[in-house]
Amino acid sequence: MKRFVLSSLAAAALALSAGLAAAQEKVTYLFPAPDFLPAFAPFQLAQSKGYFADAGLEVAFQVGKGGADVATQVAVGNADLGGGIGDTPIIVRANGLDIRGVGLLGGRGLTQLAWRADSGITGPADLKGKSVGVLSFQDTTYYNLLGVLASAGLSKDDVDIQAVGPGGIIQLSIAGNLQAMSGVPEWIAAIQGAGVEMGQMPVDEVFPAMAQAIIASDKTIAERPEVVRG
Numbered sequence: 001m002k003r004f005v006l007s008s009l010a011a012a013a014l015a016l017s018a019g020l021a022a023a024q025e026k027v028t029y030l031f032p033a034p035d036f037l038p039a040f041a042p043f044q045l046a047q048s049k050g051y052f053a054d055a056g057l058e059v060a061f062q063v064g065k066g067g068a069d070v071a072t073q074v075a076v077g078n079a080d081l082g083g084g085i086g087d088t089p090i091i092v093r094a095n096g097l098d099i100r101g102v103g104l105l106g107g108r109g110l111t112q113l114a115w116r117a118d119s120g121i122t123g124p125a126d127l128k129g130k131s132v133g134v135l136s137f138q139d140t141t142y143y144n145l146l147g148v149l150a151s152a153g154l155s156k157d158d159v160d161i162q163a164v165g166p167g168g169i170i171q172l173s174i175a176g177n178l179q180a181m182s183g184v185p186e187w188i189a190a191i192q193g194a195g196v197e198m199g200q201m202p203v204d205e206v207f208p209a210m211a212q213a214i215i216a217s218d219k220t221i222a223e224r225p226e227v228v229r230g
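Numbering of the sequence shown is given in the working numbering, commencing with residue 1 and proceeding in unit increments.
Derived by calculation from the structure, the hints in this document are not laboratory data.
Glycine is no exception: its CB is placed at the ideal position from the N, C-alpha and C atoms.
Heads up, a few of these hints could be off.
To be verified - Taking lysine to any residue pairs in the SDA-like style, the calculated list, with each CA pair at most 20 Å apart, reads:
| id | residue 1 | residue 2 |
| --- | --- | --- |
| 1 | 65 | 137 |
| 2 | 219 | 69 |
| 3 | 65 | 214 |
| 4 | 130 | 199 |
| 5 | 219 | 93 |
| 6 | 130 | 152 |
| 7 | 128 | 157 |
| 8 | 130 | 120 |
| 9 | 49 | 28 |
| 10 | 128 | 150 |
| 11 | 128 | 159 |
What the hints assert, rightly or not - Simulated restraints on C-beta separations:
| id | residue 1 | residue 2 | range |
| --- | --- | --- | --- |
| 12 | 117 | 55 | 39 to 49 Å |
| 13 | 222 | 126 | 42 to 52 Å |
| 14 | 125 | 49 | 39 to 49 Å |
| 15 | 199 | 60 | 35 to 45 Å |
| 16 | 37 | 98 | 22 to 32 Å |
| 17 | 95 | 229 | 25 to 35 Å |
| 18 | 38 | 117 | 20 to 30 Å |
| 19 | 205 | 93 | 22 to 32 Å |
Please model the complete structure; the sequences and the hints are all you need to start from.
Okay, structure coming up:
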């Protein structure tokens, strides 16, 4: 009898385990930049601690080529959710991409305009003729830079904009090949850590930029609301 009870409990445990595994909702989350960057540490921590699994989600991370690229991939169904800046849906929705921000991760704009202190730059108007780095031409840092330039009566043709990725921005700024950048605080800290003095200005001093955001398509929001809420 005892052997029967133990066998029954073992079978029940296996069945329960299989049921739980089957109940895990698969989700693909697309980062806008390399997934080892500090900005994405909360997601990596949640994954390693099993918080997603506890919520019934089996999350697979992938890496895109900037916020606008993430928005495109999410809109066409290549990813369920993605990361960007809160501005991203506003920028791309006008181009026919049916996406929305479903979570805002912070209280103010993330993107910073920064420059080498020895570049002669003190603000947006001084960017004319300078080399400015962005993550990619598909990233919100690029579009934020366009907004900053417009505030000073400048356009992309007035500056040398280089899409070089986060590592490129850091290394080229340290070497002096970039005089300025549109990016996030940890890139500035890395440059300063190499002994380069930097000036900076949050872009939300120029226009109402937003913090990091989680992006979903209208289709996913309608058909998988539990995943979006999860």
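Cross-check of the supplied hints:
1. 65 with 137: holds (9 Å)
2. 219 with 69: Measuring from Cα to Cα gives roughly 18 Å; hence the hint holds.
3. 65 with 214: Holds, because 16 Å separates the two Cα atoms, which is no more than 20 Å.
4. 130 with 199: holds (15 Å)
5. 219 with 93: At roughly 14 Å apart (the allowed maximum being 20 Å), residue 93 and residue 219 satisfy the hint.
6. 130 with 152: Between residue 130 and residue 152 the Cα gap is close to 14 Å, so the pair holds against 20 Å.
7. 128 with 157: Distance of about 9 Å is within 20 Å: holds.
8. 130 with 120: Roughly 10 Å between the alpha carbons, so the hint for residue 130 and residue 120 holds.
9. 49 with 28: The hint holds at about 18 Å.
10. 128 with 150: holds (11 Å)
11. 128 with 159: Between residue 128 and residue 159 the Cα gap is close to 5 Å, so the pair holds against 20 Å.
12. 117 with 55: 39 to 49 Å: Given range 39 to 49 Å: holds, Cβ gap about 45 Å.
13. 222 with 126: 42 to 52 Å: About 47 Å separates the Cβ atoms of residue 222 and residue 126, which means 42 to 52 Å holds.
14. 125 with 49: 39 to 49 Å: The hint (39 to 49 Å, Cβ to Cβ) holds, given that residue 125 and residue 49 are roughly 47 Å apart.
15. 199 with 60: 35 to 45 Å: holds (40 Å)
16. 37 with 98: 22 to 32 Å: holds (28 Å)
17. 95 with 229: 25 to 35 Å: holds (27 Å)
18. 38 with 117: 20 to 30 Å: Hint holds: Cβ distance 23 Å, inside 20 to 30 Å.
19. 205 with 93: 22 to 32 Å: The hint (22 to 32 Å, Cβ to Cβ) holds, given that residue 205 and residue 93 are roughly 25 Å apart.
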